[in-house]
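J.: Whenever a hint applies, use it, and build me the whole structure from the sequences.
Protein chains in written order, with this note's numbering: chain A, 1 to 166; chain B, 1 to 186.
Treat the hints with care, as some may be off.
To spell it out: a stretch of chain A is covered by chain B in this simulated footprint if at least three of its residues, at any positions, have a beta carbon under 8 Å from a beta carbon of chain B; those stretches are [unchecked claim]: (1) 79-89; (2) 107-118.
Listed next, with one range per pair, are the computed distances between beta-carbon atoms [to be verified]: (3) B:ALA65 x A:GLN142: 25 to 35 Å; (4) A:GLY115 x B:LYS46: 40 to 50 Å; (5) A:LYS98 x B:ARG45: 19 to 29 Å; (6) B:ASP62 x A:ARG156: 40 to 50 Å; (7) B:VAL176 x A:THR47: 46 to 56 Å.
In the BS3-like style, the derived pairs of lysine-lysine whose C-alpha atoms are separated by at most 27 Å in a straight line are [what the hints assert, rightly or not]: (8) B:LYS119 x B:LYS89; (9) B:LYS46 x B:LYS66; (10) B:LYS89 x B:LYS117; (11) A:LYS98 x B:LYS66; (12) A:LYS98 x B:LYS46.
For the record, the hints were derived by calculation from the structure and aren't laboratory data.
Think of the CB as a built atom: it goes at the ideal place given N, C-alpha and C, for glycine as much as any other residue.
Chain by chain, the residues run as shown.
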Amino acid sequence: MTQQHPGTSLGSHSGSDDAINGIEEHIAQDWDILSRSLGLFVQPVLTEFAEHSSHIKALLFCTSDGLNVCTLGVRDNDVGRLSALTSSVFSVAAAHRKVMDDRGMDNATVQISSGDDHTVLVAVRLPGLGNFVLGAYAEGIQLGLLLVQLRQTATRIHERLSADRR
Amino acid sequence: MVFCGPLGVGKTTAVRAVSDVEVADTDVRRAPPRRSKNKDGSVDRKRTTTVGIDYGEWHRDDGGAKVAVYGTPGQVRFEMVRSTAVSQKLRLVLWLFGQNDYAIDEADEWLRYLGAKDKGVYDRITVAVTRLDEPGDHPALEDYRELLDRYAPGIPLVAADPRDRESVQRAIDAAVGPRVGAEVSS
Ligand SMILES: Nc1nc2c(ncn2[C@@H]2O[C@H](COP(=O)(O)OP(=O)(O)OP(=O)(O)O)[C@@H](O)[C@H]2O)c(=O)[nH]1
Ligand SMILES: [Mg+2]
Chain A
1 MTQQHPGTSL
11 GSHSGSDDAI
21 NGIEEHIAQD
31 WDILSRSLGL
41 FVQPVLTEFA
51 EHSSHIKALL
61 FCTSDGLNVC
71 TLGVRDNDVG
81 RLSALTSSVF
91 SVAAAHRKVM
101 DDRGMDNATV
111 QISSGDDHTV
121 LVAVRLPGLG
131 NFVLGAYAEG
141 IQLGLLLVQL
151 RQTATRIHER
161 LSADRR
Chain B
1 MVFCGPLGVG
11 KTTAVRAVSD
21 VEVADTDVRR
31 APPRRSKNKD
41 GSVDRKRTTT
51 VGIDYGEWHR
61 DDGGAKVAVY
71 GTPGQVRFEM
81 VRSTAVSQKL
91 RLVLWLFGQN
101 DYAIDEADEW
111 LRYLGAKDKG
121 VYDRITVAVT
131 RLDEPGDHPA
141 LEDYRELLDR
151 YAPGIPLVAA
161 DPRDRESVQR
171 AIDAAVGPRV
181 GAEVSS
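T.: As structure tokens, this is what we get:
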């Protein structure tokens, strides 16, 4: 992780958290096991999406509280903070929406666009596992198309995990 | 007013307790599984965590100003969100766990961290220690004074309960008041 923390990790009393992307040590041990197995399931879905669309520059799948599960096209050093920021952006957008309309963020998306470059975040709820955010960064594509493709990818992640549980 | 401090100390709780408007919070459910232990060895039962920023307002009854209160995330990985809030030159309340034997060391870590980029933080900060009523071998409120004085003279120090509106109001009052003297209040 590129962030620097003076002294030891905050709120975690022993050891360094540098190896685990800024996650408190006591959480990291647990999280490591789950994220590895979940990552193995989700990674092929991300790879397939990227192979079918040359516009995709990066993909990210993280928990709604900002822990990385898997990524594609993201520099190692950026994975931790990108996951954390993804959850921050999504949560702040959800709070913003709640002021206007209290219907929650199910099926809602968050977009950041500049010309033909888009970052799109969608919520993915995996029953029994929790809430996640799937994010894509793409260039030279229409926003609507990217949104459709990203939603399809979210559905595929959902189906793949459900199939495994049957 | 910006609330900082470790995961689960009660920053969001304090924003909710003191706010007179509906709180815009950015708490989400934490990732499973929840078998983890806290660093004091207790089971980690916290179900939600702040990942963005909380916003509330305290409307003083005395006709005084409205105080906007921001709660920041406690977890290390949200450094960028936290530092954005901390760098706004606003008054800060650092909420700390008081019930652990390592409480002073933790206070030291947080103080050092918050002022790492800007020593001016020490002129804007107030320290609010929670859970001092819990049993066990932990420092008393006065024991923090020596540490605080090493950072800056007269950093306000209060014992406070984030669940209690009046207690949070006292912490805010200590933080907005003029910075004179170094007496301990509670
Ligand atoms: N016993 C005790 N419990 C407290 C006290 N203050 C807060 N709590 C509880 O501790 C928990 C604090 O949770 P939050 O307010 O979400 O903590 P936070 O600091 O916002 O945590 P993050 O956003 O995850 O960094 C709540 O369940 C409170 O009820 C206290 O003084 N004593
Ligand atoms: Mg919080």
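J.: All the hints need checking, so say for each whether the structure fits it.
T.: Verification of the supplied hints:
Counting residues of the stretch 79-89 of chain A whose beta carbon lies closer than 8 Å to any beta carbon of chain B gives 8, which meets the minimum of three for the stated coverage. Evaluation of the coverage hint for the stretch 107-118 of chain A: breached, as 0 residues show C-beta separations to chain B shorter than 8 Å, against a requirement of three. At about 48 Å, the CB distance of ALA65 (chain B) to GLN142 (chain A) disagrees with the hint of 25 to 35 Å. About 42 Å separates the C-beta atoms of GLY115 (chain A) and LYS46 (chain B), a value consistent with the hinted range of 40 to 50 Å.
With their beta carbons about 26 Å apart, LYS98 (chain A) and ARG45 (chain B) fall inside the hinted range of 19 to 29 Å. Under the hint 40 to 50 Å, the C-beta atoms of ASP62 (chain B) and ARG156 (chain A), about 58 Å apart, miss the expected range. Between VAL176 (chain B) and THR47 (chain A) the C-beta distance comes to about 54 Å, which sits within the given range of 46 to 56 Å. Only pairs whose Cα atoms come within 27 Å are accepted, and LYS119 (chain B) paired with LYS89 (chain B) is accepted, the gap being roughly 11 Å.
With a C-alpha separation of about 31 Å, the suggested pairing of LYS46 (chain B) with LYS66 (chain B) is violated against the 27 Å cut-off. Note on LYS89 (chain B) and LYS117 (chain B): the hinted pairing holds, with a Cα-Cα distance of about 12 Å set against a maximum of 27 Å. Using a Cα cut-off of 27 Å, the hinted pair LYS98 (chain A) and LYS66 (chain B) holds, with the two alpha carbons roughly 23 Å apart. This hinted pair checks out: LYS98 (chain A) and LYS46 (chain B) have alpha carbons roughly 23 Å apart, not beyond 27 Å.
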